[in-house]
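Colleague: The residues making up each chain are set out below.
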Amino acid sequence: MNQPENPTREYLAAPVKKVGAAAWLKDNLFNSWYNSLLTVLTLLALGYIVPPFFKWAFIDSLWNSSADACRDIEGACWSIVPQNIKFIILGFFPEGQEWRPILAMILLLALVIYSKEKSRWNKLLAWMWPVGLIIMGTLMYGGIFGMPVVETDQWSGLPLTMMLSFFGMVMAYPLGVLLALGRQSKMPAIKTLCVVYIEMIRGVPLISLLFMSSIMFPLFLPDGMTIDKVLRAQVAIILFTAAYIAEVVRGGLQAMPRGQYEAADSLGLTYSQTMRLIILPQALKIVIPPTVGILLSAFKDTSLVVIIALYDVLKTTKVTLQNPQWTGYSTEAYVFLAVLYFICCYAMSSYSRRLEKELHTGH
Amino acid sequence: MTDTQPNKSSEPIIKIVGMHKWYGDFHVLSDINLEVQEGERIVICGPSGSGKSTMIRCINRLEEHQQGQIIVNGTELTNDIKNIETVRAEVGMVFQHFNLFPHLTILENLTLGQIWVRKTPKKQAEETAMMYLEKVKIAEQAKKFPGQLSGGQQQRVAIARSLCMAPEVMLFDEPTSALDPEMIKEVLDVMIDLAEEGMTMLVVTHEMGFAKSVADRVMFMDAGQIVEQNNPHDFFDNPQHERTKLFLSQIL
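Protein sequences, first through last, are from chains A and B. Just so we're aligned: 195 in UniProt numbering is position 195 of the first sequence, and the numbers increase by one with no gaps anywhere. Just so we're aligned: 86 in UniProt numbering is position 86 of the second sequence, and the numbers increase by one with no gaps anywhere.
By construction, these hints were calculated from the structure, which means they are not laboratory data. Be a bit skeptical, because a hint or two may be false.
[Claimed, not checked] Quick list of in silico lysine to aspartate or glutamate cross-link-like pairs, EDC-like style, CA-CA up to 20 Å:
(1) B:144 <-> B:127
(2) B:82 <-> A:265
(3) A:285 <-> B:108
(4) A:118 <-> B:80
(5) A:186 <-> B:80
Produce the complete structure using the sequences and hints provided.
Modeller: Shown next, in the form of structure tokens:
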């Protein structure tokens, strides 16, 4: 309500807030005896943990040396990462062709970063994606322009992880939305199909799906017919993630007030227009936080493909550690991997928070 | 019952014959018969639970009736989805809780139906939208989102949204019940303007002042039946049924 200021009444200034470091400390860390106690205990614990870690990680450590040099030091041997970086990142991709997966990854990252801005979501971008994906596929597989063919069983390391998780998310999301809509359908056949699918997939672990896709599924194929192993793992990941997305989206659909459907109906919009223009934009926005949770776990779950003998970035690291020269530096190698995963996950979740803010319309 | 319909000779724009509706076993609407002529303004009142909202919601099939006929502008409402969509595009509806689309701007709320249902080009749809926003005196808010407007402003936007579809009939389902007293008047003023322009209106409301000054016919419903209908003068000064008298004594 924009009422004019009333000249007959007095407007007081808000009480002054104390500022400065001392005031902040007193307000936040020492405002009661038990908070003061907790502050002191926390400081003691930090004092006990941080300096030794710092000494191990940064002072006594070696960053790029031979494995032998690492034998003589107390601290971290970070050298394991730069010394083996090619194998950790690219795995078994053939010698001399390394530029291809690297270029493909850069292209994917560039496309993802370019697509971040909502203002760039237009026709041009809709063309850039398929073209980009075809180029990436060509770079990885080769076979033309003098690039030797690299079979998918040699795809490994970070490109494999990125591929499995990127397509896992991008394909699972629309499939999940369709399943959620199907589960709400008034047509019993469609509804039952979706419910059975969702509940079945959610009832089994991803590992069992991967096993089925890699061991059982080929048994049912006619003789001589094979389907690529990476593709089978990819499909398993997509089908698995979609079932979880479907349930989250269903939650969003249920949160929509009936009035929104009625308003759309009373304008004469069809079912698909109502869903596309009114319901889904709002419902999907509500469920951004849980959806991102699922996408993040899908990303991390791609490391399970190791059980069907695909070499994702976690497996290539493990293989590196089996090299007798580098055995014993697993902490350092896993810290590196943790940082790598963290960067990807943090980027996704901070992007989702920004997107949520951008889509907020004050209701 | 006294009939006060203007130009009685022409075909009614809404015709309801022997309509019944049940919610499960509960008989909500019983033997509803109603003819509405073009340009007629009807106010429907009655205690809560009397079925007045349900009745007007049947007219654009937000509720399904199980027996009888509802014919709107020559199209009978059946299970045929095409018929339903035709009727809905011709019948505007204003809700108690506005039901604007919160993720779209005011302007987009108004152009959506025109663009997707009427297939109007975007530019023309925006011109129409701005014209109606002027009319409900809210044009300066076009770029805002519904959540940034007051209740009265939102309800005026909702009216403008329906008008953009160039409806033959407007249904109002308690349009002022969710509003602060200060905002009721701004919404009623818009509705009065609309009535003066000759729009066919069915209004469920408890605003008896509005009924007295605008309605051609006032209808009283109780327990799922139309108990009494008359011109406002006779309805308020000389109600026929005991139930109507009791109701009027309680709200006036």
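Colleague: Would you mind marking each hint as holding or not holding in the structure?
Modeller: Here's how the hints hold up against the structure:
The straight-line distance between the Cα atoms of residue 144 of chain B and residue 127 of chain B is roughly 17 Å, inside the 20 Å bound, and the hint therefore holds. A distance of roughly 12 Å separates the Cα atoms of residue 82 of chain B and residue 265 of chain A; the hinted pair therefore holds under the 20 Å criterion. Under the criterion of a C-alpha separation no larger than 20 Å, the hint pairing residue 285 of chain A with residue 108 of chain B is consistent with the structure, at around 18 Å. Distance restraint check for residue 118 of chain A and residue 80 of chain B: the Cα-Cα separation of roughly 40 Å exceeds the 20 Å cut-off, and the hinted pair is therefore not satisfied.
Note on residue 186 of chain A and residue 80 of chain B: the hinted pairing holds, with a Cα-Cα distance of about 16 Å set against a maximum of 20 Å.
In this structure, the one hint that does not hold is number 4.
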